[in-house]
Amino acid sequence: MNTKYEKLFETVTLPNGVELRNRFVLAPLTHISSNDDGTISDVEIPYIEKRSKDVGLALNAASNVNDIGKAFPGQPSVAHDSDIEGLKRLAQAMKKNGAKALVQIHHGGAQALPNLTPNGDVVAPSPISLKSFGQEQEHDAREITPEEIEQTIKDFGEATRRVIEAGFDGVEIHGANHYLIHQFVSPYYNRRNDEWGDHMKFPTAVIDEVLKVKEQHANKDFIVGYRLSPEEAESPGISMELTEQLIKTITEKAIDYVHISIGDIHSETREGKYAGQERLKLIHKWVDGRMPVIGIGSVFTADDALDAIESTGVELVALGREILLDYNFIEKIKEGKEDEIISYFDPEREDNHELTPNLWKQFNEGFYPLPRKDK
Numbered sequence: 001m002n003t004k005y006e007k008l009f010e011t012v013t014l015p016n017g018v019e020l021r022n023r024f025v026l027a028p029l030t031h032i033s034s035n036d037d038g039t040i041s042d043v044e045i046p047y048i049e050k051r052s053k054d055v056g057l058a059l060n061a062a063s064n065v066n067d068i069g070k071a072f073p074g075q076p077s078v079a080h081d082s083d084i085e086g087l088k089r090l091a092q093a094m095k096k097n098g099a100k101a102l103v104q105i106h107h108g109g110a111q112a113l114p115n116l117t118p119n120g121d122v123v124a125p126s127p128i129s130l131k132s133f134g135q136e137q138e139h140d141a142r143e144i145t146p147e148e149i150e151q152t153i154k155d156f157g158e159a160t161r162r163v164i165e166a167g168f169d170g171v172e173i174h175g176a177n178h179y180l181i182h183q184f185v186s187p188y189y190n191r192r193n194d195e196w197g198d199h200m201k202f203p204t205a206v207i208d209e210v211l212k213v214k215e216q217h218a219n220k221d222f223i224v225g226y227r228l229s230p231e232e233a234e235s236p237g238i239s240m241e242l243t244e245q246l247i248k249t250i251t252e253k254a255i256d257y258v259h260i261s262i263g264d265i266h267s268e269t270r271e272g273k274y275a276g277q278e279r280l281k282l283i284h285k286w287v288d289g290r291m292p293v294i295g296i297g298s299v300f301t302a303d304d305a306l307d308a309i310e311s312t313g314v315e316l317v318a319l320g321r322e323i324l325l326d327y328n329f330i331e332k333i334k335e336g337k338e339d340e341i342i343s344y345f346d347p348e349r350e351d352n353h354e355l356t357p358n359l360w361k362q363f364n365e366g367f368y369p370l371p372r373k374d375k
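Reading the sequence shown from the start, the letters are residues 1 to 375 in the UniProt record's numbering.
Derived by calculation from the structure, the hints in this document are not laboratory data. It should be emphasised that the depicted structure is a prediction, and the values quoted were computed from it without experimental measurement. Fair warning: there could be bad hints in the mix.
[Stated by the list, open to error] Pairs of lysine-lysine, DSBU-like flavour, derived with a Cα cap of 35 Å:
1. LYS334 / LYS220
2. LYS220 / LYS285
3. LYS96 / LYS4
4. LYS88 / LYS273
5. LYS96 / LYS332
6. LYS375 / LYS88
[Unchecked claim] Ranges between beta-carbon positions, derived for each pair:
7. ARG89 / GLU365: 22 to 32 Å
8. GLU148 / SER343: 42 to 52 Å
9. SER82 / GLY336: 41 to 51 Å
Yeah, the Cβ is synthetic: ideal placement off N, Cα and C, and Gly gets one too.
Starting from the given sequences, assemble the full structure and let the hints guide the process.
Following this line, the structure appears as structure tokens:
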């Protein structure tokens with residue numbers, strides 16, 4: 001290994017005492033490859049095993065906690081006890097080579113797809129119309145009732161129980177990317193006048209429920225993380241000032257890390273008193289050492305990964321599109337072969353990437369922004 005990259009292979013200890021073997025995280029990538037009923041498919045097992053083999057922490061794709069929260073075709077489900085057997089296979093594959101394996105527990109909220117939910121029903125903190133994953137036309141989301149909110153919180157807890165029973169090492173609560181928990185935090189989506197209009201109430205209620213289930217069904221080694229998006233373009237939306245309040249609220253809870261979902265490691269605050277300052281640096285300062293911070297965003301080379309750690313201060317770096325392009329990314333750095341990392345999509349070389357068929361099709365059709373050999 002080139003000695004300059006040794007920092008990437010340092011261990012990281014979480015607040016619950018669990019040690020991660022290096023600073024790399026497999027991001028919870030939407031692979032649209034589970035069976036139609038949400039059970040784990042045969043094609044996703046080798047796909048996820050390859051991408052989990054070298055990281056310290058591996059996150060499975062966003063997995064819906066109930067049927068009304070399903071936001072992607074081919075989305076894995078943690079909504080039913082009948083999902084557990086397939087999840088056991090997934091856990092074994094992800095943990096096989098030493099990574100800590102987590103499931104990202106998720107509810108689409110307004111972003112859920114009517115063609116995938118019972119009776120086409122879609123709920124949100126407040127009524128809204130929008131386009132979601134792959135849609136050409138907007139769909140309507142109705143206001144979720146207080147009773148449904150309480151049930152949804154319990155659904156996050158039950159999903160956590162299933163994850164524990166399946167043998168995973170933890171869960172990541174998906175509070176990012178305009179999905180339900182994010183929507184409750186956002187003034188753009190949440191215009192309620194009842195108690196749930198408090199932008200901190202729903203995310204903290206979900207965290208509390210997940211931690212309660214951990215206490216009942218797991219041991220202290222079970223990892224609980226939280227993912228968030230720090231600023232949104234919508235107005236009035238989540239500002240960095242509101243993000244600061246959220247960070248300081250959730251890091252008082254017994255969670256083990258926060259994961260910041262942004263498109264570029266060095267993205268800057270758009271407006272407000274923190275305008276022009278890098279979001280990750282601000283968040284790392286606000287967390288103030290209470291737990292590790294995971295950064296993600298446009299990491300395509302070994303130098304990008306090192307820069308993410310050294311320049312922003314974050315303890316962990318998540319690999320998204322790059323580990324889809326080259327599942328040997330980490331191994332190549334470790335073996336001093338970082339110059340051989342594949343950082344572009346080659347539509348002529350399926351063997352380079354070894355994606356699931358559905359994911360290959362999306363890459364080939366340009367669904368995700370990627371460096372390409374043919375462009």
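Hint by hint, here is what the structure shows:
{"no.": "1", "hint": "LYS334 / LYS220", "in the structure": "holds, 31 Å"}
{"no.": "2", "hint": "LYS220 / LYS285", "in the structure": "holds, 26 Å"}
{"no.": "3", "hint": "LYS96 / LYS4", "in the structure": "holds, 28 Å"}
{"no.": "4", "hint": "LYS88 / LYS273", "in the structure": "violated, 47 Å"}
{"no.": "5", "hint": "LYS96 / LYS332", "in the structure": "holds, 19 Å"}
{"no.": "6", "hint": "LYS375 / LYS88", "in the structure": "violated, 41 Å"}
{"no.": "7", "hint": "ARG89 / GLU365: 22 to 32 Å", "in the structure": "holds, 29 Å"}
{"no.": "8", "hint": "GLU148 / SER343: 42 to 52 Å", "in the structure": "holds, 44 Å"}
{"no.": "9", "hint": "SER82 / GLY336: 41 to 51 Å", "in the structure": "holds, 46 Å"}
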